[in-house]
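Chains as they are written, first to last, in the working numbering: chain G, -6 to 297; chain W, 7 to 275.
Worth flagging that the hints you see were computed from the coordinates, not collected in a lab. Every value quoted in this text rests on a predicted model; they were computed, and no experiment measured them. Built from N, CA and C at the ideal position, the CB exists for glycine as well. Misleading hints may appear alongside valid ones.
Unchecked claim - To give an idea of the chain G side of the interface with chain W (calculated C-beta under 10 Å), a few residues: (1) -4; (2) -2; (3) 49; (4) 83; (5) 211.
Spelled out, the chains give:
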Amino acid sequence: MEGNPVIEAENLTKLFGALVAVDGISFSVFAGDVFGFLGPNGAGKTTTMKMIQCVSPRTAGTLTVLGMDPATHPRTIKAELGVLPQESNLDTDFTCLENLIAYAHYFDIPGVEAEKRARELLSFVQLTEKRDVQIDKLSGGMKRRLLLARALINHPKVLVLDEPTIGLDPQGRHLIWEKLKALQAAGNTIVLTTHYLEEAERLCNRLVIMDGGKILVEGSPGELISRYVGSDIVEADHTPEVISCLEELGETFDIHGDIVQVFTSQPREVAKRLFETCSPGRVFVRRGSLEDVFLKLTGRVLRD
Amino acid sequence: MTNRRGPSPENTYIFPRLSRSCLKVWRRNWDVFFKTYQVNFLPPLIEPLLYLLAIGFGLGIFIGEIDGIPYVKFIAPALLSISMMNTAFFECTYSSFVRMYYQKTFDAMVATPLSIDDVISGELIWGATRSLIYSSGMLLVLTLFGVVNLPSSLLVIPFSFLAGLLFASIAMCFTAITPSIDALNYPSFLFITPMFLFSGTFFPLSILPALVQLLAIAFLPLTQLVIVTRSLTLADLSPLVPYSLAWIGIVTLVFFILSTWLMRRRLVV
Chain G
-6 MEGNPVIEAE NLTKLFGALV AVDGISFSVF AGDVFGFLGP NGAGKTTTMK
44 MIQCVSPRTA GTLTVLGMDP ATHPRTIKAE LGVLPQESNL DTDFTCLENL
94 IAYAHYFDIP GVEAEKRARE LLSFVQLTEK RDVQIDKLSG GMKRRLLLAR
144 ALINHPKVLV LDEPTIGLDP QGRHLIWEKL KALQAAGNTI VLTTHYLEEA
194 ERLCNRLVIM DGGKILVEGS PGELISRYVG SDIVEADHTP EVISCLEELG
244 ETFDIHGDIV QVFTSQPREV AKRLFETCSP GRVFVRRGSL EDVFLKLTGR
294 VLRD
Chain W
7 MTNRRGPSPE NTYIFPRLSR SCLKVWRRNW DVFFKTYQVN FLPPLIEPLL
57 YLLAIGFGLG IFIGEIDGIP YVKFIAPALL SISMMNTAFF ECTYSSFVRM
107 YYQKTFDAMV ATPLSIDDVI SGELIWGATR SLIYSSGMLL VLTLFGVVNL
157 PSSLLVIPFS FLAGLLFASI AMCFTAITPS IDALNYPSFL FITPMFLFSG
207 TFFPLSILPA LVQLLAIAFL PLTQLVIVTR SLTLADLSPL VPYSLAWIGI
257 VTLVFFILST WLMRRRLVV
């Protein structure tokens, strides 16, 4: 599998009537990648996931998953995928253990093996004590973990995770991250979407930022940060003096509400000059983050 | 790789692809059914029992005989037919809708190697199975009351599967197009309830005006069920049985295909 992409899209397009949900995107995911799709609401991330999962047919372009076309080989592809949906669709008529066993049956995994895997996975996501509990008695975090366990029941070659930590508290999120790191270390290929940029920064070795159905940029988190915001950011209060002073110093800066941001690779010098000549109220120096790249590229206008 | 378009219109209206995988969908519903069999078994057996006592034995005293048959024996096959209809219809409307819309069970299934065609055909076969389970239970009760003839009545058991498949397929079409669970009340009250009364169930069709009789025999699915079931429980073959069986076979096939098309249109986006 080395060299050949696990997932390859070229000019992938999806229309819903007149609405262009995914607008001719191209990307390649390789074995062992943790590949992130970032973007504001309505960027086309979930639609892209659904096309990869063979549940939503594409309108145009090409797409191959594990070397096969989802339009012609959905069964074979789906047998090798582990899917974690954005919205829980656990079977509320079953307990935790029964959910995993029932799901294993859909993959043609026979009874004894299904139960063995189900128990192993419950322990992997730390839900062994909840084995015989009905789904509606679980917390949001437990449901998410059970969904992750369910996605692993067929020992998938590729994991497709749509917002794996949505709605979780920090403990729950860290636990999922830990499990995903373990899966990555075991050589799994993972494709995920997320709104949490910290999550993408921690987990993904490659990612794309999407907006309006298009891919804006692609790269590793580190690359993107240094390419778009520099290594560091100096922030000061937004006052007329600071602005005019920064203009005199010839620094490029962005204004966001009551904050002025200077993207730079020499944060100490910029901060020093600000203090010496501009009499700012407060000055902060921090590392550039993916969030800065994200907001710079997709703007600050609220989506929905 | 060609620039093939997804299964939009041209792939929506092709013949359902049937595979053994649909049995996994069926199995899921079977497992849930037997997990909660205490709630599932009693009500559908109690209801016909009440009808049998109140209408068959109660009202039957005043009616006496219809066409030389004791009234209770006349309505026994009707109760079986109504049970086949209700069981399959309500399973594949309200229950299927809950699985599809609220529980997202269909979404979870199509993320596995199962296809949408497997899910729909599995649901339909399950609706038919449920009809068979209840009809068998009822047949046992009716046998104990001595109101059905044996052994011909045993054929009711396989027939109830076919009859269930007919109503499951019709029901699934409504489920595929309904905007909400409340809107399913329309087919229940406008389609099922009138049929319950005007399909030769509690009185013979022959007392109705000729035109109404003709319409009932030509268009009402329950009429066909009653014709066949009554022939079996009375061990007295009606000349209409071949017609009714052919009617059920053809209409089941049509609605089976139609329900898959409508569901693909709804769910494959």
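Results for each hint:
1. -4: At 18 Å from the nearest chain W Cβ, residue -4 of chain G fails the 10 Å test, so the hint is violated.
2. -2: 13 Å, violated
3. 49: With a minimum Cβ separation of about 6 Å from chain W (threshold 10 Å), the hint on residue 49 of chain G holds.
4. 83: 7 Å, holds
5. 211: Nearest chain W Cβ about 22 Å off; hint violated.
Hints 1, 2, 5 from the earlier list are contradicted by this structure; the remaining hints agree with it.
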